[in-house]
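J.: Residues per chain, in single letters:
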Amino acid sequence: MNKGSPVVAVVDDDPRMLESLEDLLESAGYVACSFSSAKSLLVNGLSGLDVLITDIGMSGMDGFALRDLVKDARPDLPVFLITGRHEIADQDRVQGISRFFRKPFDGQALLAAIGDALPKSRNEG
Amino acid sequence: MTTAPYLPGETDSDATRALQILESMPGHAWSADAAGRFTYFSRNTLALLGNGSDAENEFGWRQLVHPDDYDRVVARWRHCLEAGDPYDSEHRLRRADGGYRWVRSSGRPSRDSQGRISQWYGTTIDIEDQKRAEAALRARELELSQLVDMVPSHVWRLTPDGEPMFFNKRMVDYLGLDVADTDKPGMSRLDAVIETVHPEDAAAFRDALNRCLVTGESFALRYRLRRADGVYRWMSSRAEPLRDQEGRIVQWYGLCHDIDDQMHAEEALRQSERQLQEMIDAVPVRIWSATPTGEIVHFNKPYQDHFRSVIPNFDEFGEPRIETLLQVLIHPEDVPEVQSTLWNCFGTGGGCVMRFRWREKDGDYRWAECRVAPRRDQDGAIVQWYGVSLDVDDEMRMQEALRRSERQLQQMIDTVPAVIWCTTPEGIPCYLNKRATDVIGVTLKDLIAPDGSRFLTVVHPDDRDAVDQALGRAIETGTSFVRRYRQRRSDGRHRWVESRAEPLRDDSGNIVQWYGVSVDIDDLVTAQEALRDRERELSQLVDMVPVHIRRLTPEGEPTFFNKRLLDFFGLTSPAQLDKPGMSRLAAAIKTLVHPDDAARLLATVRQSVVTGEPYSMKYRMRHADGAYRWVDGRAEPVRNQRGAIVQWYVISLDIDDEMRAQDALHKRERELSQLVDMVPSLLWRLSPEGRLTFFSKRLIEFTGRDVRDFDKPGMNPLTVAVETLFHPDDKARLAAALNRSLATGESFSLTYRLRRADGIYRWMSGRAEPLRDESGRIVQWYGLSHDIDDQVRVEEALRESERQLQQLIDTVPVQIWCVTPTGEPAYINKTMVDYLGLKLDDFDAQGGLPSAIKTIVHPDDRAALQQALMHSFSTGESFALKFRHRRWDGSYRWQEGHADPLRDENGRIIRWYGANVDIHDFVTAQEALLERERSLWQLVETLPAMIDCAAPDGEPIYRSRQLREFLGYNLEELDGTGKSRLSGTLDAGVHPDDLAGVLENYAHSLATGEPYRRRHRLRRFDGEYRWVETRAAPMRNANGTIVQWNVICLDIDGEVRAQEELRLARESLARASQAASLAELSAAIAHEVNQPLAAIVTNSNACQRWLSATPPNLERAQKTVERIIRSANSAADVVSRIRALFKQSMKTRASTALSTVITEVRNLMAEEAARRRVRMDVAVESHLPPVALDRVQVQQVLVNLIRNGMEAMDSIAGERVLAIRVRRMGDEVQTEISDRGPGIEDPERMFEPFFTTKENGMGMGLAICRSIVEAHGGRLWASANEPHGATFTFTLPIEPTTAP
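Protein sequences appear in the order of chains A and B. Under this note's numbering, the first residue of the first sequence is numbered 1, with each subsequent residue one higher. Under this note's numbering, the first residue of the second sequence is numbered 10001, with each subsequent residue one higher.
By construction, these hints were calculated from the structure, which means they are not laboratory data. Honestly, I wouldn't trust all of these hints.
As the list claims (entries may be wrong) - Example chain A residues on the side facing chain B (calculated, C-beta under 7 angstroms, incomplete):
{"no.": "1", "residue": "Ser5"}
{"no.": "2", "residue": "Asp13"}
{"no.": "3", "residue": "Ser20"}
{"no.": "4", "residue": "Leu21"}
{"no.": "5", "residue": "Gly84"}
{"no.": "6", "residue": "Lys103"}
All residues carry an ideal CB built from backbone N, CA and C; glycine is no exception.
From just these sequences and the hints, can you work out the full model?
T.: Structure representation (structure tokens):
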């Protein structure tokens, strides 16, 4: 992994999802940091992150709450929401959100979206 | 001086011409070298000066310049030479002829190329004439200046803009400063000058001056100016401008004149005038002045004040005119005269004095006197009129009053029916009034003897000497003269007169005159005499009548006692009775009337005096010998015509003898009466006809009535008395007895109740006997009533008491008996007689006690009774025994017998009194109770429940055997642990998790009295905690107070555990049904599957990337593929788990009554139905056979269908009813669930998976429902309702079937 590669944090309470996303991100040259809960991410801190991917349905703080909190602390940090629950996906509040992926999602599409979200310079690095 | 004269003709023509000019000009030209030595003089100079120049003196000027000017000129010249300044000087120059003339010399230096002065050129011009003119001018100026300075005024000059330029010497001297001194820093000269003006005038001065400076008007002002010594003096200042030809002001010339003295004189004058004015205004008279023609010019202040007070609008009056004022101010009656007098005055020029009435402010008129006088000048012409008005009202009124009084006096004197006369101090007559002349027919001189002494010719000769002497004595001593005598009248007859004379004294007390009056009293005297005669007669009459007569004033004061009365009292006049400090009446009564009667009499008299009523009264008067005698006094008032009392006449008759006789009678009567009254019986008397004629005092006191009280019109007094006095129950009896006695003359004797005054009836024994006269006729009935009430009542009380006792003894529900000391039956009460059915007589007297016992006592108890009785009889100890008696009906009943001895005073037993109480019922009841208690005890002890009783405070007091066995210890075993039994048991027995709740609830119940009910785990003897249900309820007494808590404790361990399982099942179902319908369940399943799927997809993407990287990262790809396999397996696991879920349900299928499932679901959905305002209409057919089913699955089907139906009705407006019908249809039980929603479109398709009409449904619910129902061997379908709505029906087979 290159020094200076964009760092992507992933939050999901399903270890298999964490593993697979970590794998995918690394295959695309990103540095992936996995967290099993929103709390553990927040303990780690947001500095040094370039992108955040979080599951919505989690015990404790859910993905929406985490996103809102991150928006306050790091308005510049792109946040991607993913969920396996279709009833969540059908909710009004996620309609129109572009950085939202319903599990199972197309890995290539996610990577392309991350690439778009990153600033050009970071993306190239 | 070495002069090198410039010689003409040696130079060129220009020089020549210049020289010619020099030589010919009308002056002298000269030149000098740098040292000042003259080098040239023009020719005429030399001619002028001659050759007298002297070289020895400096510049050679000594001879030429006037000695007075020399030093100055030389000094100047020397200075100019040194400094190079132009030289100018005027001086006298000596001419050749030796005369000096004034010249003006001027010189200017001429310099060479190096600037050094090489030569001086100058001229000298003769100015002698100018000088002379100047000197003349100066002399004249000096003269003028002296003139200006000597003018006895201040003269000053100002610039056009007002700056002082010049003060003359007088002014300078006055001010102590010159114009130059007015140059003060920071202020103009004018300001400095103004400073010397008096501060009060300074502003005016400045203003006036400034105005003049601006306008060019003349300045004129009076002001005070400060002298050098600081004194201000008044100045009159004037200033005029001097103008040039163009009219511009060049200078101001001013003159200032000291007018201080004038001013002071003026001031003094003004002051004096003011004072005069004030004086005029202040004097309390009204002053006016007028022009010679009568035009008013001045009214002083009192006048004006007066006008203002009288004329409301005086200040608007303008100039008051005399005519107007006259009309307004003067009494209308006086106006014409005042007016004419005044005009006459003005017309003739003579003064006048007028009196008239003047209107005052309150409308009154007051008299005023106005004096008017003219002032004339030397020629005698009238200059002014002056008037003064004085208020003479008091004077006028006094005069008028006096005049009136005088007139009246004169009239009086002349008309009084008396002769009025005066004498000189010596007694010589000097005045007689008119009447004297008319009546007596004498004139003054008739009364004067020829020798000048008085001659009382008119006095009756018999009286004359006495009168003369009396008069002489009066005149001598100066005392009053009073005399009655006969006077001769003009007709010659004599008449009685009364003459009085009084001296008039002057201030020093000397007698000036005697005034006398003689009044004709002849008629009076005659009448008096006649009267006196009559009076004497009357008096005699009065005195002689054998009665006491006296007269009182209307107020009751005695004024006259007749002689008899006086004799009686031993007095000579009523006045003898007077005592200081009290009225004569009071004094008389006090002195003369018996003390016992005095107060009464006095009150009576006073009463009569007040009311005017006559009085009549008997009282005792004290005789002169000190003995009191009874009199009958009567008084009558005498009234005048108006009815007012004039006199009281009182007579008193001596009635002493009668009174004494009466008194004796009284006394005897009283004695008898007392006798009668003192008899301790009630005495009364009846007339033969039965009229009550007498009550003794005691009877009156007793009844509160007297015989008179029974006199009522139209009623028989006896009847009235009977009605009033006697007890209603006795009236008839009494009346009958009385009437019989009255009719027959038999004695009367009766006992009856008589009403006492206080309303209480008392028993009386009444008796009456007739008194007969000689002929045997009944004259009176004498009666006597004797109070026997106490006896009667005691008797009655005794009888009553006896009766009551008997009643008591007979009615008490106790058998009372009495035996002799030896045991012989002596008495049994009625109760006992009734009880036994035997009377005392029935007992065999011979048989005695043993016989009685044998008769009535149960054979088993006889011996014991016999023994106990014998023991008591022999020892005297009380007897007490329970034994059986035979009752009247032959039954033996338990008795409790007691007996006690009655002893006499020696302690010997007289009787035994006993009482038997039937305690049979009690004994049998007790026995029954005992039996019941025993059986209850057994019940409690053997009951399959644990029972516990506790005190009101919760302390256990009893535990049933079951409980004791359960606990493994007895009630007392935990005692001594330091805890109460309750807390000991609870701590030891109740499961620690439940203990707090149990304690709280139990404490609450104990405190409030509410029943207690709780489930908890209780430790069994073997240490196992078992669920028990404990219930406790309070037991209350009649007052509602808790006396005990009864506790039952059931072992419900089995039920609780079963219930617990049930509860868990229900909870899981509730959770499932609350959180998720089947649709939601399927969503959860989808999520479960989605997770591994997502991982698989993501991993696949990653794997693809690893493989397509350059170079391909096979290691990572390999790892990723492993993960894909793992995730796929995990997804398969999910599917297996779901299948397992259904498999499991197959096992739990059981034969169940569908109705219970329906009920459970209904209860489960009740809350949701209420929330959605849906009524559930459930109809389940009875006696449905059981169905084999998986309870949870069928419940889920029902919940799903019910919820669908409810949701379908969410948007409808009408009544929301969900109907559930369950019925048997052949071999099936059919369940219908119908709604009133919008209905369905495609009854078959909707059961396909993923078919949904709902926004957030997955379309799995009905599919799963159908699969569940079909798994049970049933069917599920939908149909449309009419008019709207849908019905879902499912069937379940009755016979248990296995799913295919």
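J.: Hint by hint, which ones does this structure get wrong, listed from lowest number up?
T.: Structure breaks hints 1, 2.
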